[in-house]
Amino acid sequence: MQPSPVSGHSLPSVRRIGANAIDTVLRLGYATRFIGLTLAHSGTSFARPRLIVRELYYTGVLSLIIILVSGLFVGMVLGLQGYQTLTTYGSESALGVLVALSLVRELGPVVSALLFASRAGSAMTAEIGLMKATEQLSAMEMMAVDPIARVVAPRFWAGVISMPLLAAMFSAMGVFGGYVIGVVLIGVDEGSFWSQMQSAVDVREDVMNGVIKSFVFGIAVTWIALFEGYDAPPTAEGVSGATTRTVVTSSLAILGLDFILTSFMFSAA
Amino acid sequence: MQRSMLDLWVGLFVVAGIAGMVILAFKVGNMSTMGSGDTYEISANFDNIGGLKPRAAIKSAGVVVGRVTAISFNNDRFTAKVMMAIESRYKFPKDTTASILTAGLLGEQYIGLEGGGDDKMLAAGDNIRLTQSAVVLEKLISQFLFDKAAEGGDGKK
Chain A
1263 MQPSPVSGHS LPSVRRIGAN AIDTVLRLGY ATRFIGLTLA HSGTSFARPR LIVRELYYTG
1323 VLSLIIILVS GLFVGMVLGL QGYQTLTTYG SESALGVLVA LSLVRELGPV VSALLFASRA
1383 GSAMTAEIGL MKATEQLSAM EMMAVDPIAR VVAPRFWAGV ISMPLLAAMF SAMGVFGGYV
1443 IGVVLIGVDE GSFWSQMQSA VDVREDVMNG VIKSFVFGIA VTWIALFEGY DAPPTAEGVS
1503 GATTRTVVTS SLAILGLDFI LTSFMFSAA
Chain B
1044 MQRSMLDLWV GLFVVAGIAG MVILAFKVGN MSTMGSGDTY EISANFDNIG GLKPRAAIKS
1104 AGVVVGRVTA ISFNNDRFTA KVMMAIESRY KFPKDTTASI LTAGLLGEQY IGLEGGGDDK
1164 MLAAGDNIRL TQSAVVLEKL ISQFLFDKAA EGGDGKK
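So the sequences go chain by chain: A and B. Okay, so the first sequence: first residue is 1263 according to my numbering, each after it adds one. Okay, so the second sequence: first residue is 1044 according to my numbering, each after it adds one.
Read the hints as simulated data drawn from the structure, not as lab findings. Cβ atoms here follow ideal geometry from the backbone N, Cα and C, with glycine treated the same way. Watch out, some of these pointers could steer you wrong.
[Claimed, not checked] List of simulated lysine to aspartate or glutamate pairs, EDC-like, C-alpha gap at most 20 Å:
| hint | chain 1 | residue 1 | chain 2 | residue 2 |
| --- | --- | --- | --- | --- |
| 1 | B | K1137 | B | D1162 |
| 2 | B | K1191 | B | D1169 |
| 3 | B | K1070 | A | D1464 |
| 4 | B | K1102 | B | E1181 |
| 5 | B | K1096 | A | D1464 |
| 6 | B | K1182 | B | D1090 |
| 7 | B | K1191 | B | E1181 |
| 8 | B | K1070 | A | E1467 |
| 9 | B | K1096 | B | E1084 |
| 10 | B | K1134 | B | D1090 |
| 11 | B | K1102 | B | E1157 |
| 12 | B | K1134 | B | D1081 |
| 13 | B | K1102 | B | D1119 |
| 14 | B | K1070 | A | E1452 |
| 15 | B | K1182 | B | E1194 |
| 16 | B | K1102 | A | E1368 |
| 17 | B | K1124 | B | D1090 |
| 18 | B | K1070 | A | E1368 |
| 19 | B | K1096 | B | E1130 |
| 20 | B | K1102 | B | E1151 |
| 21 | B | K1096 | A | E1467 |
| 22 | B | K1070 | A | D1408 |
| 23 | B | K1137 | B | D1161 |
| 24 | B | K1163 | B | D1090 |
[Stated by the list, open to error] Covered stretches of chain B (in silico footprint by chain A; criterion: 3 or more residues with CB under 8 Å from a CB of chain A, positions within the stretch not fixed):
| hint | segment |
| --- | --- |
| 25 | 1047-1061 |
| 26 | 1115-1122 |
Could you put together the complete structure from these sequences and hints?
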């Protein structure tokens, strides 16, 4: 941004705010154009599904371990803590409801999206940032291969596809963890654990909304990760800064979007 | 990574993810207990519905036969109008009684249907006339206290 000649040296702090605001708006505009281009070039990657399959391996399969282990432990902690609290009201049999609802509605989509952002999102940003820094993207353009269609779009769709699947596995593992702690170790009645859970968890209201949430988070995280990588300054610091920004921005986006989605989905009861 | 191994892993990943969703739908959720879809809607007016909520179960003899679809306030009669979707395979006579019951001491409220002896069956859009309101704990306690007080007064005489 060129400083205006009139106020060249006056009010530097106000000018900095203005420059930051303009910069933010510019980046938002670039990001919107970027996602538009990605969607417009998705046809090529669907015509060559092998590209998406390869990225599904790197974003989805390699995130499995951390997702499954975290899901199991989150469920076990929910089982322990929930039992402690519920037993004061003499309603341990509602442990299944507590574990399942908190996982399916909130923790499953949100925690797995946070893990996905730090595990797969950061890797995506670093990979694309390095591709840009080593001028691989420019080389592709020279060969008349569109880097958006060849590099960005398959990663985008791989992220969008794998996020709901990972969140579902996270929730299922969590319910299993809660079952292990609640029923197998503590000895809550198995029948009431499952039957109360099944009568309280609605497929459309709870499970579907959780899937929609994780789908939205998948779009947000991959979008942010790919844009940060594509937009990174082509230097070592630039790529590392972009990777950090990916994790921070997508975590904030996940939490903010989660609040908005929850207030729409679960407020009118 | 070899191409076939990659395919295998991605295939396993997708299958496991879908299996996770299926487990959530059937084992955790109520997909297996949900009706086949064909329902007919009837309504009932209650003086007081207590804590009844949409999607609450409608049971007859303890078996779930439908769900509450909507609850609204009838401003003409100052009652609560409850819309109920009953599964089509269950038919109830016209003089069925609908009462609001509670599962357990602090459990969720549901509607219990008790069939009468009428030959004609309820059809879509019909209204159940015989209803019994929810038990409101405050009213019960105040009635109990009132009775106690009345008893005390008798004893003094």
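Evaluation of the provided hints:
Proposed proximity of B:K1137 and B:D1162 is supported: the alpha carbons are some 8 Å apart, at most 20 Å. Under the criterion of a C-alpha separation no larger than 20 Å, the hint pairing B:K1191 with B:D1169 is inconsistent with the structure, at around 42 Å. Straight-line distance between C-alpha atoms of B:K1070 and A:D1464 comes to about 11 Å, which keeps the hinted pair within the 20 Å bound. Distance restraint check for B:K1102 and B:E1181: the Cα-Cα separation of roughly 26 Å exceeds the 20 Å cut-off, and the hinted pair is therefore not satisfied.
Taking the CA atoms of B:K1096 and A:D1464, the gap is about 14 Å. The hint holds against a cut of 20 Å. For a cut-off of 20 Å, the pair hint linking B:K1182 to B:D1090 stands: about 13 Å separates their Cα positions. Distance hint between B:K1191 and B:E1181 is fulfilled; the C-alpha atoms sit about 15 Å from each other, no more than 20 Å. At most 20 Å may separate the alpha-carbon atoms for a hinted pair to count; B:K1070 and A:E1467 meet this at roughly 16 Å.
Under the criterion of a C-alpha separation no larger than 20 Å, the hint pairing B:K1096 with B:E1084 is consistent with the structure, at around 17 Å. At most 20 Å may separate the alpha-carbon atoms for a hinted pair to count; B:K1134 and B:D1090 exceed this at roughly 25 Å. Of the pairs offered as hints, the one joining B:K1102 and B:E1157 holds, with about 9 Å between alpha carbons and a cut-off of 20 Å not exceeded. Our distance criterion of 20 Å between C-alpha atoms is met by B:K1134 and B:D1081, whose separation comes to about 13 Å.
The suggested pairing of B:K1102 with B:D1119 is violated, with an alpha-carbon distance near 28 Å, which exceeds 20 Å. Of the pairs offered as hints, the one joining B:K1070 and A:E1452 holds, with about 13 Å between alpha carbons and a cut-off of 20 Å not exceeded. As the CA atoms of B:K1182 and B:E1194 are separated by approximately 18 Å, the hinted pair is consistent with the 20 Å bound. Of the pairs offered as hints, the one joining B:K1102 and A:E1368 is violated, with about 31 Å between alpha carbons and a cut-off of 20 Å exceeded.
Distance hint between B:K1124 and B:D1090 is fulfilled; the C-alpha atoms sit about 9 Å from each other, no more than 20 Å. Restraint check: the Cα-Cα separation between B:K1070 and A:E1368 comes to about 18 Å, which is no more than 20 Å; the hinted pair holds. Of the pairs offered as hints, the one joining B:K1096 and B:E1130 holds, with about 19 Å between alpha carbons and a cut-off of 20 Å not exceeded. For a cut-off of 20 Å, the pair hint linking B:K1102 to B:E1151 stands: about 13 Å separates their Cα positions.
Under the criterion of a C-alpha separation no larger than 20 Å, the hint pairing B:K1096 with A:E1467 is consistent with the structure, at around 14 Å. Simply put, B:K1070 and A:D1408 have alpha-carbon atoms about 46 Å apart, too far for the 20 Å limit, and the pair is violated. Restraint check for B:K1137 and B:D1161: satisfied, since their Cα atoms lie roughly 6 Å apart, inside the 20 Å limit. Proposed proximity of B:K1163 and B:D1090 is contradicted: the alpha carbons are some 26 Å apart, above 20 Å.
Beta-carbon proximity to chain A at under 8 Å applies to 10 residues in the segment 1047-1061 of chain B; the threshold of 3 is reached and the given coverage holds. Requiring three or more residues with a Cβ within less than 8 Å of a Cβ of chain A, the coverage given for the segment 1115-1122 of chain B is violated, as only 0 such residues are present.
In summary, the structure is inconsistent with hints 2, 4, 10, 13, 16, 22, 24, 26 from the numbered list given earlier, while agreeing with the others.
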